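> Next come the chains, spelled out residue by residue.
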Amino acid sequence: MDHFRRANRALIVASVAAMSLPMAIPASAQETFKLGIVTFLSGPAADSFGVPARNGAQFVIDQLNKGSVPSPYEKVGFGGMKVEPVIIDENGGATKQVQELRNLYQRDNVDVVLGYISSGDCLAVAPIAEELKKMLVLMDCGTPRIFEEAKYNYVFRTAAHATMDNVGLVRYMKAKNIKMDTLSAINQDYAWGQDSRADFVAAAQQLYPNVKVQTDLLPKFGAGQYGTEISALVGAGSDVVYSSLWGGDLQAFVLQSAPRGLPKRSQLVFSAADHVLPPLGDKMPDGTIIGARGSYGLMSQKSPLNDWLFRGYEAANGVYPVQAAYRITQSILGLKAAVEKAMSKNGGKKPSTDEMVAAMTGLEWLSPGGLIQMKLADGHQAIQPIAFSRTKYNPDLKRVDLIDIQYFAAECVNPPPGVKSIEWIKGGMQGAKCN
Amino acid sequence: MRKGLHPLVMIALIAMVTLAGRALPTWTLSLATIAASNALIALGIVVLARTGNVSFGQGLFFAAGGYGVALIANTWGLTDAMAQVIVGAACGGLLGLVIGPLIARYSGIFFGMLTLALSMVFYGALVKSTALGGSDGFNVGRPSLFGMSFTDPREADFMLYAVSVIVTGFAGIAATILFRSEFGLASLAVRENNLRVEYLGLSANRIISINFLIAAIFAGASGAFALMAQRHIDPQFAYWTTSGEFVFVAVLAGNQSVAAVFVASMALELVRSFSNLYLPNTWQLVLGVFLLGVILFLPRGIGSLWIRDRRKRRIPAAATLTAERGAAP
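Residue numbers (our numbering), protein chains in the order written: chain V, 1 to 435; chain R, 1 to 329.
Misleading hints may appear alongside valid ones.
The following label-pair restraints were derived from C-beta to C-beta distances [unchecked claim]:
1. V:Asn210 / R:Val286: 52 to 62 Å
2. R:Val98 / V:Pro44: 29 to 39 Å
3. V:Lys302 / R:Ser129: 41 to 51 Å
4. V:Glu423 / R:Phe183: 12 to 22 Å
5. V:Gln406 / R:Val286: 42 to 52 Å
6. V:Leu371 / R:Leu296: 49 to 59 Å
7. R:Ser181 / V:Glu423: 53 to 63 Å
8. R:Ser129 / V:Pro44: 16 to 26 Å
9. R:Lys128 / V:Gln406: 54 to 64 Å
10. V:Asn210 / R:Leu291: 56 to 66 Å
Hints were generated in silico from the structure; no laboratory data involved. Predicted model, so just to flag it, every value in this text is computed and none were measured. All C-beta atoms in this analysis are idealised placements derived from N, C-alpha and C, irrespective of residue type, glycine included.
Could you put together the complete structure from these sequences and hints?
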């Protein structure tokens, strides 16, 4: 009996040793990479950004784990490790997000957290990740303040901040000879709307020195009814009406302003409107100038990587991918590139947080929306190219096509390192390289 | 008088809970910090509810405490955790001192709506103030304690946990003593029949004002804790859903036991966190079902689990949070 027990124990020891053996050698198929993903699954931003981002993440991770992403991302998962996502909801305010970020790192032991759409959430979670010395990849939020007001080692943003949306938009209008002697604006009364308005007006005053701002409206977030605002805009009859509205608010504004003739009186320019094209369809007035916060969706440039995302996402979800899906894809691919770069340096082991951080700093990688370069904030903030275009409804395909597409290089629409965005715009956008 | 735990026993209990923090996993520490901070503000609501008035705008004082501490911390570099709590309590208290006497003249739904309106006015002003970061808010540095700074994340979390548990615990003891005092009983009498209280020579308005002030001080201190735990503040602190959540904690707890407030607050945080992890698409539903379940099966709050019988004998049918003020005398 005793003999048997001892033999049994030896067997267990041996098998445990055998099982742990592959752990010592390069990252094997059993090892996984646990990735926390935070995006809006409920609330006003869910339909427009959160859910497309979640769908994009699921599609990309699924493809990565199968090893069916085109070059240079053909390796399975992250350097051979399968990616295991933990998806949580971004809705509920910054207090909840800070708590959930801690839970992801400390309770669920995720290797990296990736996500966040709201600027307020990004500002709140960044210092927490830094304190916990854990890697955090911000994928979408707009405010330039994150890296302009603080320095982080463990925090990265894989998308350009909102400055390029408005600088690029004004450059596009100038390139297309849009007349803008008078300007009216309608933006939501919260940080995104206020900041976008400030950037656009500042950039417009640089390229259109004689522009006069007429009606400047700030309805509250989620207002939904714009009757009085549209009356004011129609009454002003400015050459251009600018708006950074998004989601349901933008749809409501477009639906309510078209019958009142606003698009006929004024040139409408929307800084971030591609995501409302599928739901609006023929209700979107032709000739509206729109941006997508990158060269995304119908404005994306042809490449094997882009075809893979566009077709694959469309097949999986029944609708073509727009900005949020592109942004999370470029984020995941960037993280994959960083992890694999770190593994090539450490001999193929699963990289530590510090190794991943070192690899991600200053990294450049290809994404479906073009080349992403971590050039600002000491290699922690990305810049990327952006596209703008005009809408034209296509009755055969029953969808809004985008024409007159023009691309702007990343360094043409983003500030150089070490300069605050708004000061760069007001200082005449020094150092911009526009071909 | 109703018999309860001796204050010394309660102090021992606080010490035990604080020391238990050494053994807890790290993620529970920050969760418990938030739960203790929410419990503190909900305790204020319970204090006020004993006069028959519910404030739906405690977010006002919560935000006042938070913004007060954040601005002082960023301007003068005040990082000490205890000092921040005192500053937060003072900010909340000062505002309560101004608003309390004005609002004490109203009762029931008017009282609730006015508090809600005031907090939303503050919210609107904060969203408009771009110097304070507008709706995105701004960050503050990490707190220290008595000159010690904590770089290890676990130690920093434990420090905050300990400070919040001790402060909230002592606030709980103070509230228990208050509830048993002459003043506390007079507050209950105001809820039952304020006219008779006036005939006794007491000022009902004054009693409500003082209770309101206590609730505001608790809310301000709670705002300081929330700020220290998340190092970020935004106007959401003053938004009505934030205030509503505190009322929820108070409803969950019932107004029979101070300890119930802490249990309810912790339970709510745990349910929220785990439902968000396992059911990211339907976590609100889980939270709602949990609240409904408590309201259906424990209509007098979680506190009724352990003091149901005694209370029933003493004050029959007395305690619903939204109790109306006394009818005709």
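> Hint says 54 to 64 Å; check whether the CB-CB distance for Lys128 (chain R) and Gln406 (chain V) agrees.
With a Cβ separation near 36 Å, Lys128 (chain R) and Gln406 (chain V) fall outside 54 to 64 Å, so the hint is violated.
> Does the beta carbon distance between Glu423 (chain V) and Phe183 (chain R) stay inside 12 to 22 Å, or does it fall outside?
violated (57 Å)
> Given a hinted range of 49 to 59 Å, is it respected by the beta-carbon distance of Leu371 (chain V) and Leu296 (chain R)?
holds (58 Å)
> Ser129 (chain R) and Pro44 (chain V), beta-carbon distance inside 16 to 26 Å?
Holds, at about 23 Å.
> Can you let me know if the beta-carbon spacing of Gln406 (chain V) and Val286 (chain R) is within 42 to 52 Å?
Between Gln406 (chain V) and Val286 (chain R), where Cβ atoms are some 48 Å apart, the hint holds.
> Quick check: does the Cβ-Cβ distance between Ser181 (chain R) and Glu423 (chain V) fall within 53 to 63 Å?
holds (59 Å)
> Does 56 to 66 Å hold as the CB distance between Asn210 (chain V) and Leu291 (chain R), or does it fail?
At 59 Å between Cβs, range holds.
> For Val98 (chain R) and Pro44 (chain V), compare the CB-CB distance with the range 29 to 39 Å and indicate the outcome.
holds (34 Å)
> Can the suggested window of 52 to 62 Å be confirmed for the beta-carbon pair Asn210 (chain V) and Val286 (chain R)?
The hinted range 52 to 62 Å holds for Asn210 (chain V) and Val286 (chain R), with Cβ atoms some 58 Å apart.
> Range hint 41 to 51 Å: satisfied by the CB atoms of Lys302 (chain V) and Ser129 (chain R)?
holds (46 Å)
In the structure shown, a violation is registered for the earlier hints numbered 4, 9, in ascending order.
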